[in-house]
Amino acid sequence: MSARFLAPILVGLVMLVLWEAVVRTAAIPPYVLPGPILIAKTLVSDWSTLWPALIITLEITMQALAAAVIVGVALAILFSLSRWIELSFFPYAIILQVTPIVAIAPLIIAWVDDVNLSLLICAWLVAFFPILSNTVLGLRSVDRNLLDLFELYGAGRWRTLIDLRLPAALPYFLGGLRISGGLALIGAVVAEFVAGSGGRESGLAYRILESGYQLKIPRMFAALVLISLAGIAIYLLLSLLSHLLLRRWHESALSAEG
Amino acid sequence: MRLVGVRDVSKDFANGVRALEGTSLDIEAGEFLSVLGPSGCGKSTLLRLIAGLAQPTSGTIEWPSGRPDLGFVFQEPTLMPWTTALANVALPLKLAGVARSEREARAAEALGHVGLAGFERSYPRELSGGMKMRVSIARALVTEPKLLLMDEPFAALDEITRRRLNTDLLDLWQRTRFTAVFVTHSVFESVFLSQRIAVMSARPGRVLSELAIPAAYPRTEAFGTSAEYAALCRLTSAQLSEALAA
Chain A
1 MSARFLAPIL VGLVMLVLWE AVVRTAAIPP YVLPGPILIA KTLVSDWSTL
51 WPALIITLEI TMQALAAAVI VGVALAILFS LSRWIELSFF PYAIILQVTP
101 IVAIAPLIIA WVDDVNLSLL ICAWLVAFFP ILSNTVLGLR SVDRNLLDLF
151 ELYGAGRWRT LIDLRLPAAL PYFLGGLRIS GGLALIGAVV AEFVAGSGGR
201 ESGLAYRILE SGYQLKIPRM FAALVLISLA GIAIYLLLSL LSHLLLRRWH
251 ESALSAEG
Chain B
1 MRLVGVRDVS KDFANGVRAL EGTSLDIEAG EFLSVLGPSG CGKSTLLRLI
51 AGLAQPTSGT IEWPSGRPDL GFVFQEPTLM PWTTALANVA LPLKLAGVAR
101 SEREARAAEA LGHVGLAGFE RSYPRELSGG MKMRVSIARA LVTEPKLLLM
151 DEPFAALDEI TRRRLNTDLL DLWQRTRFTA VFVTHSVFES VFLSQRIAVM
201 SARPGRVLSE LAIPAAYPRT EAFGTSAEYA ALCRLTSAQL SEALAA
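Protein chains in written order, with this note's numbering: chain A, 1 to 258; chain B, 1 to 246.
Certain hints may be false.
[Stated by the list, open to error] Output of the computed footprint for chain A on chain B, the stretches with three or more beta carbons under 8 Å from beta carbons of chain A: (1) 78-87; (2) 92-100; (3) 121-133; (4) 214-225.
[To be verified] Away from chain A, derived, C-beta distances all over 10 Å, residues of chain B: (5) Phe13; (6) Arg18; (7) Glu31; (8) Ser65; (9) Gly66; (10) Arg106; (11) Gly112; (12) Ala156; (13) Gln174; (14) Arg177; (15) Ala202; (16) Gln239; (17) Leu244.
[As the list claims (entries may be wrong)] Label pairs and their calculated CB-CB ranges: (18) B:Ala99 / A:Glu151: 22 to 28 Å; (19) B:Ile160 / A:Ala3: 40 to 46 Å; (20) B:Gly118 / A:Ser252: 25 to 31 Å; (21) B:Gly16 / A:Trp111: 51 to 57 Å; (22) B:Ala99 / A:Trp158: 15 to 21 Å; (23) B:Ala156 / A:Val17: 54 to 60 Å; (24) B:Pro68 / A:Arg159: 34 to 40 Å; (25) B:Arg2 / A:Ala74: 36 to 42 Å; (26) A:Glu251 / B:Gly16: 32 to 38 Å; (27) A:Ala7 / B:Arg100: 29 to 35 Å; (28) A:Trp158 / B:Gly118: 30 to 36 Å; (29) A:Ala7 / B:Ala156: 37 to 43 Å.
If you are wondering where the hints come from, they were derived from the structure by calculation, not from laboratory data. Positions of the beta carbon are idealized from the N, C-alpha and C atoms, including for glycine.
Looking at chain B on its own, in the form it has when it is part of the complex (with noise of 0.2 Å):
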């Protein structure tokens, strides 16, 4: 079942520069898509425009069966300092106007599933950047929405942490089925994670060519070394070269 139908998106900026051209993308629900692309791809563009956060220029973003609850992970983990994990993590609760002792559950229940079980009291600054980023996931999942959209939320961790979240943040994807949206440049994470990859050109983006990524689930650390994985991953690059070319 098609969730969201991007049709033909063009996005400018008010400065002139053209962000998108002509961009048309399905995403399925419950799927794992990755978008690939090169920096100021418009990536993150695609990605805003599809939460509502900015109006295409031309073009439509289709919802077949409406528009569903949404979560939204940034490429920083954009907490508020001044609160504690628990709060930042019940903040989408707290707007939506659940009672306090209802989201606080449930906050500390979504800091639970992301492995952040004690650390409710803690503030943004105590925690390590990883651990940031899990409660930034924590309060983008804690209204269990329909669509997750994730912008490089990994980016600027280093490669160890990145990995662990790469296994916990499939691992939730599939106890939870979700509908996540991952973009990313780097195509050894599109490749672990998705099971379809879109892959954009440069700016001006627009989706090039997308690819199925058939290995099976769950995918552990045995997968990321295995022969297949680096196969996978070669095609991909291939793709994306042609991409840049183009």
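Okay, chain A solo, but in the shape it has when bound (with noise of 0.2 Å):
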């Protein structure tokens, strides 16, 4: 194992450890801040109220995410087929990205009587913007001169769009992907905490924010580690899925040695 994954795990290691310590030795109660033995304890002993929990996060993260894709990548696709419905529409765009979404989560979650689908509008809407302006960046980073070979052989804008559009915008978008991916958790935990117990099944958020009332500090720590982990999982798989649909052609998937 090479050093990029050594350096971080050791500077990992070395921080659980002196926390660990400082915990102990000044014997700092659970309640305050509990260490992080008794974390990885609490987390295997409330394994099964945390894993549906970690579930329904997920759920909303997934389907929120691919929401994103789908209207993310049809809007950036509509822009540049059309600088009008671009000039009219992005701004528009921007104004949803701009609004802190714990300002309007509650009016979303007022509105929409399905609480599940008021969380995935929460979390879809914290989570399209990076996919909508990094796929409309690509799609008009297009070589001008690839552009002129496709007028020259009277390929018309479907043609255009399908065969170096969209090709030339995949690593914009993979690029958005990635970011959105965290975003849609953020969203999605934001929502569910806006959303407090929302009824019948609870997230992690809702479960953050039980623990907080009942001061199950370890458990609360738990539910932390559990976000933080789905977190990198996601930005992980979406890495891998970047380098496998980019490594034979693109700059930022090829090794050292070219």
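Mind assembling these two chains? They're in different frames, but the hints should get you there.
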């Protein structure tokens, strides 16, 4: 294993040991700051509560990400086909992006009866913009000469889109997707926080809230750990997807020996 | 037989720059014509007008016997990096609706003609600069066009690669006899390749003089070192200097 993996793992281990040592020597009570060993134990003992919660949060995240991909790419294509549509609608996409989700989540939850759907909408709102803006950028960053070439051979808009613009935009789209993956998770968690229990099934954020009320701080940390791990897993998966799709041709996926 | 007639063509860009002014040029079917001029003289613009990629501000471009199929080679190889050499070469056929098996067979043949048999499955990034340019030429020739327009295609290549490509290009031209219009700023390249050279003035560009290069084909490395070649280069240089002074 290279230093690339060893170094961060070593740093992590040292931090965990320090944390445990501080908690023990200063005798900090677990309801203020639990040590990593206690958190790990809680993760195991409360698994039956935490695992279903994780699945719920991940379901919302994945659905939101899928919706973000579909809507983001579709809008980007529409924008690339018509300058007027882009000029008319892009500012509103930006407004959606810059409005803090915590501020509009209560509205959405109030307006939409189905809690799951309202959570999905919140997570989607946060996730879709990077895909939209990156894909728009990618669809526009096509080699001018290749565009001329397609024109020379009489390719219509549709052919040019399929055979030239979309493949050229792929690296940009995948970059946006990696950002959106993390944002979808954040959006889902934030929306769950705002929604509170929301009734029947509840995700990780609700478990964190609940643990806070009940002063079950170790469980709160365990849920936090799960959210972080889920975020890392999403990032790694999307990076792998990106690598697999680009490794034959794109600079970003080339190994050093080229 | 005249293939293209450029008649008193001017071209202004949107930013107000006049690229071409009152340019006229005849291109004969089957000839190898070079358009020689300094950088920024509107050579590329002239080529784009002939290709139909831009419209003249005034003047006309005539096609006495109809507009033929044409191929275009850009300054850069302009390949699609996400696909193989074969698929890149097959692109014009794909856009023309040729069936997959046929277009791949023809693309493989075209790659063979430029000396790249065996590189069908390579991606552009796996090829050298000269090889990429060969793929680009194969793509331009895969439709068997009557007219091949080349916009300083070898300008970015090293001297050795450029010489080889010059010889190979002449070889291809002699075998298939397409009409070649070759834009360059190199006196040596234009004399080596062409039957006729159109010399352009600095911006706003127009064709100031034409001169014939009567040397016989095939032109080999030996021609490139002959006294005849040196004399023709001297003559052409003098014409170019005159064009720059005008």
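These are the hints, each one checked on the structure:
1. Look at the region 78-87 of chain B against chain A: 5 of its residues bring a Cβ nearer than 8 Å to a Cβ of that chain, three or more, so the hint holds.
2. For the region 92-100 of chain B, the proposed coverage by chain A is satisfied: 4 residues have a C-beta within less than 8 Å of a C-beta in that chain, meeting the threshold of three.
3. Under the rule that three or more residues need a Cβ within less than 8 Å of chain A, the assignment of the region 121-133 of chain B holds, with 3 such residues.
4. For the region 214-225 of chain B, the proposed coverage by chain A is not satisfied: 0 residues have a C-beta within less than 8 Å of a C-beta in that chain, short of the threshold of three.
5. B:Phe13, annotated as away from the interface, keeps every beta carbon of chain A farther than 10 Å; the closest lies near 14 Å.
6. Against chain A, the non-interface label of B:Arg18 holds: every CB pair exceeds 10 Å, the least being about 21 Å.
7. No beta-carbon of chain A comes within 10 Å of the beta-carbon of B:Glu31; the shortest separation is about 22 Å.
8. Chain A leaves B:Ser65 outside its interface by the beta-carbon criterion, the shortest separation being 20 Å against a cut-off of 10 Å.
9. Look at B:Gly66: its CB is around 16 Å from the nearest CB on chain A, clear of 10 Å, so calling it non-interface holds up.
10. In this structure B:Arg106 is separated from chain A by more than 10 Å, as the shortest Cβ-Cβ distance comes to about 14 Å.
11. Every Cβ of chain A is farther than 10 Å from the Cβ of B:Gly112; the closest lies at roughly 22 Å, confirming the non-interface assignment.
12. Chain A leaves B:Ala156 outside its interface by the beta-carbon criterion, the shortest separation being 13 Å against a cut-off of 10 Å.
13. Distance to chain A confirms B:Gln174 as a non-interface residue, since its nearest Cβ pair spans about 25 Å, more than 10 Å.
14. Interface exclusion of B:Arg177 from chain A stands, the closest Cβ pair being 21 Å apart, more than 10 Å.
15. Every CB of chain A is more than 10 Å from the CB of B:Ala202 (nearest about 24 Å), matching its label as outside the interface.
16. With a closest Cβ-Cβ approach of about 30 Å to chain A, B:Gln239 is found to remain outside the 10 Å limit, as its non-interface label requires.
17. No Cβ of chain A approaches the Cβ of B:Leu244 within 10 Å, the least distance being about 28 Å, so the stated non-interface status holds.
18. Hint check: B:Ala99 to A:Glu151, Cβ distance near 23 Å, so the stated range 22 to 28 Å holds.
19. Checked against the given bound of 40 to 46 Å, the beta carbons of B:Ile160 and A:Ala3, roughly 41 Å apart, stay inside it.
20. One distance hint, 25 to 31 Å for the beta-carbon pair B:Gly118 and A:Ser252, holds here, with the actual separation near 28 Å.
21. As the Cβ distance of B:Gly16 to A:Trp111 is approximately 54 Å, the hint placing it in 51 to 57 Å holds.
22. Hint check: B:Ala99 to A:Trp158, Cβ distance near 19 Å, so the stated range 15 to 21 Å holds.
23. At about 57 Å, the beta-carbon gap between B:Ala156 and A:Val17 stays in the expected band of 54 to 60 Å.
24. For the hinted restraint 34 to 40 Å between B:Pro68 and A:Arg159, the CB-CB distance of approximately 22 Å leaves it violated.
25. For B:Arg2 and A:Ala74, the Cβ-Cβ distance of about 50 Å falls outside the hinted range of 36 to 42 Å, so the restraint is violated.
26. The hinted range of 32 to 38 Å is satisfied by A:Glu251 and B:Gly16, whose Cβ atoms lie roughly 37 Å apart.
27. A C-beta distance of roughly 49 Å is found between A:Ala7 and B:Arg100, which places it outside the suggested range of 29 to 35 Å.
28. Remark: the range hint 30 to 36 Å for A:Trp158 to B:Gly118 is upheld by a beta-carbon distance near 34 Å.
29. For A:Ala7 and B:Ala156, the Cβ-Cβ distance of about 41 Å falls inside the hinted range of 37 to 43 Å, so the restraint holds.
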